[in-house]
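*Asks:* For this one, chain A is given, so just place chain B on it according to the hints.
Respectively, the protein sequence lines represent chains A and B.
Everything in the first sequence is counted per my numbering, starting at 1 for the first residue and increasing by one.
Everything in the second sequence is counted per my numbering, starting at 1001 for the first residue and increasing by one.
Treat each hint with caution, since some may be false.
With a cut-off of at most 30 Å between alpha-carbon atoms, the simulated DSSO-like pairs for lysine-lysine come out as follows [said to hold, decoys possible]: (1) Lys165/A / Lys1208/B; (2) Lys1294/B / Lys1148/B; (3) Lys1186/B / Lys1254/B; (4) Lys1208/B / Lys1186/B; (5) Lys1241/B / Lys1294/B; (6) Lys165/A / Lys1294/B.
I should point out that these hints are in silico values taken from the structure, not numbers from a laboratory.
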Amino acid sequence: MKLVLAIAALSVLLATAAHADPALPRVLAVPTAWMPPPGAVVATAGIDRHAAMTADLDIGLGRLASVEVGLDSDSRGCTACSEPTSLSLGRAAFRMGARQNALFRGAPALVLGFRTTFSAHGHEFGEARVSDAYVVASSVYGPVRAHLGGQVTEAAFGDRTVHMKPRASALAGLEWTPSIYPRTTLLADVAWAPQFSPTEIELEWLAGWGVRYQAFSWGSIELAVRHRQDEGLPQSDVMVRLNGVFAGRK
Amino acid sequence: MSKRQGVIVTTVLLAAATASAQPAPIGAGGIPLPPPTDNTVATDGTPVDPPLDPNQPDAEHPIPPDQIPKDPYAHTAEPTRKAVPRPPISMPEVLTTQTGWLLPAAVLYSRTSIDTGGGVTSDNRVGLGDVAEFGIATIDSVREREDKDDTNVERIQPYVLASFRLGVQEERLFSGQPGVTLGFRKSFERNHNDYKTQIAELTLIASKHFGKNTALHIGGAFWDASVYGQFGEVDADGKAKKTEVTFHDGENFKNQVRAFGGLEVTPLPNSQILVDLGWAPEFCYHCDDADKIKLRPTLSWGVRYRVAEFMNLEAGVKVPDIASANLLDAQIFGQMTFTSWALRRAVDSLK
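Next up, chain A with everything else stripped away, as it sits in the complex (with noise of 0.2 Å):
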């Protein structure tokens, strides 16, 4: 909680402006290739009705790379398994790519993003480590906007007693925004996650869909759900989450 709230606070801090290019850098759970402008701040703050929260400050650094900092609720550990829960694992993220169009005419953004946890908390899976390398493209045909990529995950608790070793899975998204309603966005995307038990680390898929409705230039808010293997419509969980967009002081 404190760390959403600091991570909301810094961003209306460092906010001045406003700027147009796509930038968030995920649909829902799976990483687009957009990076922010130099200096530029993506601030995203969630919540989902188990009240597992999520929260992530992305900084632009030079037009190349961004660096990301935030709390991540995707995976989720089960100790009897018949409904496991998400944890709350402190991450960062290093992102480096080219824009759209920057290699050559008609190519799409690409990306090359490394994540990793750096704390972990609330739950039974102690020093539990997370981390994937990832290579997303994503490119803008007309109203949609496309993501695919993969991604190798390892995972690791307890001293890495019990250990997933990298495993590779795919990733997709796709964003379709109407020219009827140009500030309302529908969201879909199909990742994976570690799912911690206490004598293995399996992958499971978690597939979202929802809306994004850009209430003002800088910020948007999204109502989405999601669901995840082995889970019926019941445990579906349902999210929203606040995005801003925020340019830094000239």
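*Replies:* Below, chain B alone, put in the same frame as chain A:
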């Protein structure tokens, strides 16, 4: 005439003679000033114009600006300091490895880094006469493990080092000559978990720009290290004995020699992509003597963003042992680099 009156008259005469020997006061443009006159007021008290001097400046003969007399007692401002254009500084480090470029004379350099594993490092240097560089640094790349099956390899930090490098700047001797640096750095003794360790590294590296936007660094390093502690041996009395194992005790000299290097690409004016490959020692306390000290390859990649002339922000990913293909040990780091010409300016002002 009394003696006192004689002294007074003599003094007056001498003063008059001295005064009459002085040249006439010089006015603007070397024009002698007119003799003082008290005729500016008539005897009836009405003001009288002083007599016109044909040599005095007037509207038809203005004083040239460079000959306007100045008040010698007026407060004069400090002479303004000329801004000396400084060339961009070629950095002495890529991300984690050294380059063949030295800091210019009396230029200060400071880098502070943090990473997601809790590592904090600092590197502070000063350029010496365009041919050498001295620095003090703390690093977090030296690692330790209990035995070869220990998967939880820990970092020993802070590990304090002093470094000295000397070399020749790029293009100094002949056209196309790379910057070449011979460097030596050595740690202070570090006591951690009852083991005393030390490391030392001798490097020779060449760095060269290819065009405006690319630079390559290639070098070789000769490493040495030592570890002192209890490795399970006992003395004649059956007591645990402490012994020292050094890297150079090994039979194979090649184990101490490694190649390293880096690449810098500048696709945008203030942004660079950096990649480097270096080596770092790892101590394994309960391995065989031959395996107690190993060098592990470290790969780093990232971006340098030039925020201001004196400040760079760098961020990237550091993989401490790429041979193990272990994503969990990889760390995301951020670092700030400052350079300053302040000492150079101070030195120049003394000349």
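*Asks:* Look at each hint and say if it fits the structure.
*Replies:* Cross-check of the supplied hints:
| no. | hint | verdict |
| --- | --- | --- |
| 1 | Lys165/A / Lys1208/B | 40 Å, violated |
| 2 | Lys1294/B / Lys1148/B | 11 Å, holds |
| 3 | Lys1186/B / Lys1254/B | 20 Å, holds |
| 4 | Lys1208/B / Lys1186/B | 26 Å, holds |
| 5 | Lys1241/B / Lys1294/B | 23 Å, holds |
| 6 | Lys165/A / Lys1294/B | 24 Å, holds |
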